[in-house]
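Peer 1: In case you want the letters, here they are:
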Amino acid sequence: MPQRAFPGTDLPVREDLAQAHRRAWAAIAAPGTWLSAARRVAIAAEIRHARDCAHCARIRAALSPEGVPGAHDTLGEVSPAELELIHRVVSDPGRLSEKWSQSVLAAGLAEGEYVEIVGLIAMVMMMDTFTRALGASERPLPAPQPGEPSRYRPAGARRRAAWLPITEPEDATEADGPMYPSPKAGYIYRALSMVPQSLRDYWALASAHYLPGPAIYRFDQSVRAIARPQVELIAARVSALHQCAY
Amino acid sequence: MLRESMQAQGRQVDVAGVARGFGAEAGIPHAAALAAFTEAVVRREDERTESGRRALREALGEAGLVDACAVAAAFHGFVRIADAIGIPHYSSPGGDDLSGLRERAGINEFYRVRKDGALR
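Sequence lines, in order, name chains A and B. Numbering-wise, the working numbering puts 189 at position 189 of the first sequence, and it's gapless, one number per residue. Numbering-wise, the working numbering puts 93 at position 93 of the second sequence, and it's gapless, one number per residue.
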């Protein structure tokens with residue numbers, strides 16, 4: 001029986017989906033690989049704040065996203081490099097460039113921090129978009145939990161196919177922990193692989209929203225309450241409206 | 001993925017709707033309502049989201065509406081990962097370059113594709 005676990009709506013949410021949200025918020029509140037729990041929660045707060053940033057709106061409206069004068073509205077708890085990364089990825093992801101990503105790194109972010117923050121952005125955006133689409137209330141941010149970041153970097157992570165390092169399936173080691181459902185996993189699956197825990201946290205959440213891994217290439221079946229072409233119509237329109245070419 | 005899911009049902013879809021929007025001609029049940037709701041969610045338009053929610057609740061039932069919300073939400077994550085990490089956009093997960101399909105779908109007009117050079 002689906003639970004009514006989302007305050008503000010009477011819609012019955014699948015229990016696996018509600019549980020994925022609970023686990024994801026707990027993961028956000030825990031120490032990460034490169035970021036402390038306090039920093040992760042502060043980043044989550046800035047992600048929410050970025051959605052209403054006036055400077056981001058000006059950038060979105062400009063013909064080119066580069067060189068728009070002004071400053072981001074901020075809660076003031078993140079560094080300038082983190083601020084730029086968070087706001088641009090939240091508000092105008094389809095117009096990022098390799099040059100821009102390198103400028104963010106040069107401004108003082110380590111590659112692992114960049115990747116971990118992108119994972120946090122994706123998770124917070126996914127969960128908040130779900131509750132908003134549902135008409136439910138936005139969940140309060142969790143309290144940060146004690147502990148230290150692991151600072152684990154996969155030995156096989158290399159910058160080759162993407163702007164940031166990726167651990168290709170053939171370069172993954174046992175120490176990285178489970179990452180790939182198949183050695184043929186697409187680039188979208190590999191994207192966060194420089195930070196294996198971020199990859200695992202993200203995909204646990206994403207699979208509950210979209211489709212579990214084994215179902216993705218079974219086009220003749222639907223494991224959801226809508227037909228597969230309906231799932232893909234929504235997916236295609238969200239991607240196109242964000243100008244995502246992947 | 002949209003094209004594949006339609007082909008699995010022995011049907012075709014005009015992928016021009018990916019960039020232009022979908023209506024009844026797409027051959028997908030409730031395509032126009034799904035597209036309108038999706039667009040409202042992406043644009044954070046509260047009134048259109050609310051009216052879209054009512055329409056989909058009636059058309060798809062509660063569980064269908066919840067899954068429509070979940071899929072729309074999922075892709076708010078996927079697009080950000082793909083575009084912030086800069087993964088290659090010129091091949092499908094299976095490794096096939098589908099330049100004609102991308103042209104028809106309007107993908108070659110996207111900012112990053114124009115910057116990197118479209119595959120034509």
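Read the hints as simulated data drawn from the structure, not as lab findings. Just so you know, these numbers come straight off a predicted model, no measurement behind them. Check each hint, because a few of them may be wrong.
Computed Cβ-Cβ distance ranges for the label pairs, DEER-style [as the list claims (entries may be wrong)]:
#	chain 1	residue 1	chain 2	residue 2	range
1	B	Leu101	A	Leu141	37 to 45 angstroms
2	A	Pro69	B	Glu103	48 to 56 angstroms
3	B	Pro29	A	Gly8	43 to 51 angstroms
4	A	Asp52	B	Gln9	38 to 46 angstroms
5	B	Gly100	A	Asp220	44 to 52 angstroms
6	A	Ala143	B	Gln12	34 to 42 angstroms
7	B	Gln9	A	Gly76	51 to 59 angstroms
8	B	Gly10	A	Gly76	51 to 59 angstroms
Calculated from the model, a selection of chain A residues having no Cβ within reach of chain B, i.e. all distances over 10 angstroms [to be verified]:
#	residue
9	Gly94
10	Gly119
11	Thr129
12	Ala133
13	Pro142
14	Pro146
15	Ala155
16	Thr173
17	Ala191
18	Ala206
19	Gln230
Below, in silico cross-link-like pairs of lysine to aspartate or glutamate (DMTMM-like), each with a Cα-Cα straight-line distance of 25 angstroms or less [unchecked claim]:
#	chain 1	residue 1	chain 2	residue 2
20	A	Lys184	A	Asp128
21	A	Lys99	A	Glu174
22	A	Lys184	A	Glu168
23	B	Lys115	A	Asp10
24	B	Lys115	A	Glu98
25	A	Lys184	B	Glu4
26	A	Lys99	A	Glu111
27	B	Lys115	A	Glu84
Every residue gets a Cβ at the ideal spot worked out from N, C-alpha and C, and that includes glycine.
Peer 1: Does each hint fit the structure? Answer for all of them.
Peer 2: Hints, one by one, checked against the model:
{"no.": "1", "hint": "B/Leu101 / A/Leu141: 37 to 45 angstroms", "verdict": "41 angstroms, holds"}
{"no.": "2", "hint": "A/Pro69 / B/Glu103: 48 to 56 angstroms", "verdict": "36 angstroms, violated"}
{"no.": "3", "hint": "B/Pro29 / A/Gly8: 43 to 51 angstroms", "verdict": "28 angstroms, violated"}
{"no.": "4", "hint": "A/Asp52 / B/Gln9: 38 to 46 angstroms", "verdict": "41 angstroms, holds"}
{"no.": "5", "hint": "B/Gly100 / A/Asp220: 44 to 52 angstroms", "verdict": "24 angstroms, violated"}
{"no.": "6", "hint": "A/Ala143 / B/Gln12: 34 to 42 angstroms", "verdict": "52 angstroms, violated"}
{"no.": "7", "hint": "B/Gln9 / A/Gly76: 51 to 59 angstroms", "verdict": "52 angstroms, holds"}
{"no.": "8", "hint": "B/Gly10 / A/Gly76: 51 to 59 angstroms", "verdict": "57 angstroms, holds"}
{"no.": "9", "hint": "Gly94", "verdict": "6 angstroms, violated"}
{"no.": "10", "hint": "Gly119", "verdict": "7 angstroms, violated"}
{"no.": "11", "hint": "Thr129", "verdict": "4 angstroms, violated"}
{"no.": "12", "hint": "Ala133", "verdict": "4 angstroms, violated"}
{"no.": "13", "hint": "Pro142", "verdict": "18 angstroms, holds"}
{"no.": "14", "hint": "Pro146", "verdict": "27 angstroms, holds"}
{"no.": "15", "hint": "Ala155", "verdict": "19 angstroms, holds"}
{"no.": "16", "hint": "Thr173", "verdict": "21 angstroms, holds"}
{"no.": "17", "hint": "Ala191", "verdict": "4 angstroms, violated"}
{"no.": "18", "hint": "Ala206", "verdict": "5 angstroms, violated"}
{"no.": "19", "hint": "Gln230", "verdict": "6 angstroms, violated"}
{"no.": "20", "hint": "A/Lys184 / A/Asp128", "verdict": "31 angstroms, violated"}
{"no.": "21", "hint": "A/Lys99 / A/Glu174", "verdict": "33 angstroms, violated"}
{"no.": "22", "hint": "A/Lys184 / A/Glu168", "verdict": "10 angstroms, holds"}
{"no.": "23", "hint": "B/Lys115 / A/Asp10", "verdict": "45 angstroms, violated"}
{"no.": "24", "hint": "B/Lys115 / A/Glu98", "verdict": "10 angstroms, holds"}
{"no.": "25", "hint": "A/Lys184 / B/Glu4", "verdict": "18 angstroms, holds"}
{"no.": "26", "hint": "A/Lys99 / A/Glu111", "verdict": "14 angstroms, holds"}
{"no.": "27", "hint": "B/Lys115 / A/Glu84", "verdict": "21 angstroms, holds"}
Against the hints set out earlier in the document, violations occur for numbers 2, 3, 5, 6, 9, 10, 11, 12, 17, 18, 19, 20, 21 and 23.
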